[in-house]
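A.B. asks: Spelled out from the first residue to the last, the chains are:
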Amino acid sequence: KNEVEQSPQNLTAQEGEFITINCSYSVGISALHWLQQHPGGGIVSLFMLSSGKKKHGRLIATINIQEKHSSLHITASHPRDSAVYICVDGSEKLVFGKGTKLTVNP
Amino acid sequence: NAGVTQTPKFQVLKTGQSMTLQCAQDMNHEYMSWYRQDPGMGLRLIHYSVGAGITDQGEVPNGYNVSRSTTEDFPLRLLSAAPSQTSVYFCASSSGQKNSPLHFGNGTRLTVT
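Chains as they are written, first to last, in this note's numbering: chain A, 1 to 106; chain B, 1001 to 1113.
Calculated directly from the structure, the hints in this document are not laboratory data. Zero decoy hints are in this set.
DSS-like, lysine-lysine: derived pairs with alpha carbons at most 25 Å apart:
id	chain 1	residue 1	chain 2	residue 2
1	A	K93	A	K54
2	A	K98	A	K53
3	B	K1009	A	K98
4	A	K93	A	K1
5	A	K1	A	K98
6	A	K101	B	K1009
Quick look at which bits of chain A chain B covers, simulated, 3 or more residues with Cβ under 8 Å:
id	stretch
7	37 to 45
8	87 to 96
From the structure, some residues in chain A lie toward chain B, with a derived Cβ separation under 10 Å:
id	residue
9	K1
10	V4
11	Q6
12	H33
13	M48
14	G99
For every residue, glycine included, the Cβ atom is placed at its ideal position computed from N, Cα and C.
Based on the provided sequences and hints, a complete structural model is requested.
C.D. replies: Structure, rendered in structure tokens:
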């Protein structure tokens, strides 16, 4: 079973700061998801990537298949980015990290 | 499109009762799955399906049954509820194609007393 580890578990930032959330996994995978869970509980998919880098607005996700590591970056963070960010091994039996709780203060 | 629809949003059961959590999607997705989310544990896969008539167990299948008679629906059945099944349950779907995103329902908060 793949072990998916995220760091940090909790992160507090000031508005405007550059944020990095890390994800490492123990078994090689073909793809990885990044999800965002809002304080109200809803979960949305941010990225699915199998190599390289993807960008959507202020969010950037990278993956290094050889090093079994992915990062999620948020540029110019804003209080509305406050949420739990979850990385997921995108194989058939999805394995989730425990999430990183991000709080961005104004 | 409604996306992924989960019902009910909240449910309280007594130990030993049975119930079915409903999940429906209107995106013609082949892959559907059920998760539970508990504090400090993250989301854990209960059961999943890669198409109509096909189901398989995830990480925590005990106490739950599923079936997939149509592409659209993937109900989760609790046969005899236990307090350990108190949790928030999420259903998700995807097309199953490479690089396709997951679509989640809004969750069901279940309390078993």
